[in-house]
Amino acid sequence: GENVEQHPSTLSVQEGDSAVIKCTYSDSASNYFPWYKQELGKGPQLIIDIRSNVGEKKDQRIAVTLNKTAKHFSLHITETQPEDSAVYFCAASKGNNAGNMLTFGGGTRLMVKP
Amino acid sequence: EAEVAQSPRYKITEKSQAVAFWCDPISGHATLYWYRQILGQGPELLVQFQDESVVDDSQLPKDRFSAERLKGVDSTLKIQPAELGDSAMYLCASSPRTSGIYEQYFGPGTRLTVT
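Protein chains in written order, with my numbering: chain A, 3 to 116; chain B, 94 to 208.
Worth flagging that the hints you see were computed from the coordinates, not collected in a lab. One should not assume that every hint holds.
To be verified - Computed cross-link-like contacts, EDC-like style, restricted to lysine to aspartate or glutamate with a CA-CA straight-line distance of at most 16 Å: (1) A/60 x A/81; (2) B/164 x B/176; (3) A/96 x B/196; (4) B/171 x B/156; (5) A/39 x B/196; (6) B/164 x B/196; (7) A/44 x A/85; (8) A/96 x B/149; (9) B/108 x B/161; (10) A/44 x B/96.
Just chain B, with the same shape it has in the complex:
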């Protein structure tokens, strides 16, 4: 069964350092999402890609966060500089179609701890 891959699974970094997360969606999935999940809460969307284009990044803190999906396949989410409040689980999800109602499948997430 195809799955969304994410790495690393865990990351500990110091405040003010840069950190990057990688996501490889299910093969053939055109839409890719990055969510942030604070402990004890539901995931919240950060950015959505359709192929290589950003569809929605209204909730992405653009002063420190950036995301790219250069070839419309895998994606990288970067934080620079990291702050204590960025400690959370970062989840990647993908969906097979570009519009309409289609299921989103999540990866295992990257647990970020900022010290």
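This is chain A alone, in the form it adopts within the complex:
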């Protein structure tokens, strides 16, 4: 089955700096890669996603890049703010007719210091 590795497990940055989180996946058939933000005591919130026919996607301060050949994708957050502090999860899915089960990475705890 699919295996998703996520690094780093913790990341501390100064407010205003950029943060980068990286994930690798094992199944070349995976074609959908969402990123979730999870705050303490809450469910994961979808913040951005990318499909395999696109190499990069941007939404304001958040961007995601995908390298299908290398089977890795990354989340970039620019101009970080204290409210960006949370646990971020990457995931991968094959999106076939049986549904699009997500396989998650282990998570990255991002701390933005004011």
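Go by the hints and put chain B onto chain A.
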């Protein structure tokens, strides 16, 4: 903005007792998922429904866990008997379509503590 609803938000139960969680997906979402998230880890799929039918329950410990979505809308996940290792966050998610690549939206989860 429509959200996935879950209840209860927190549940404390003793080992060997039965416990049940409820999920109401976003209106019109045909696909519903139950995930389990152990503290410090990513969510792992337990069961997936398409309307009232189970699509994937390969990771559901069927000796003690059961899930149903009788009318293809809300869903219940049950554990009987609960074990200490079942302590985790139980997350429900829904998706608007039955196939292809579509976003999954998560509810707030039920935090289960087994004592």
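Numbers of unmet hints, in rising order: Numbers 2, 6, 9 - these are the hints that the structure violates, sorted from lowest upward.
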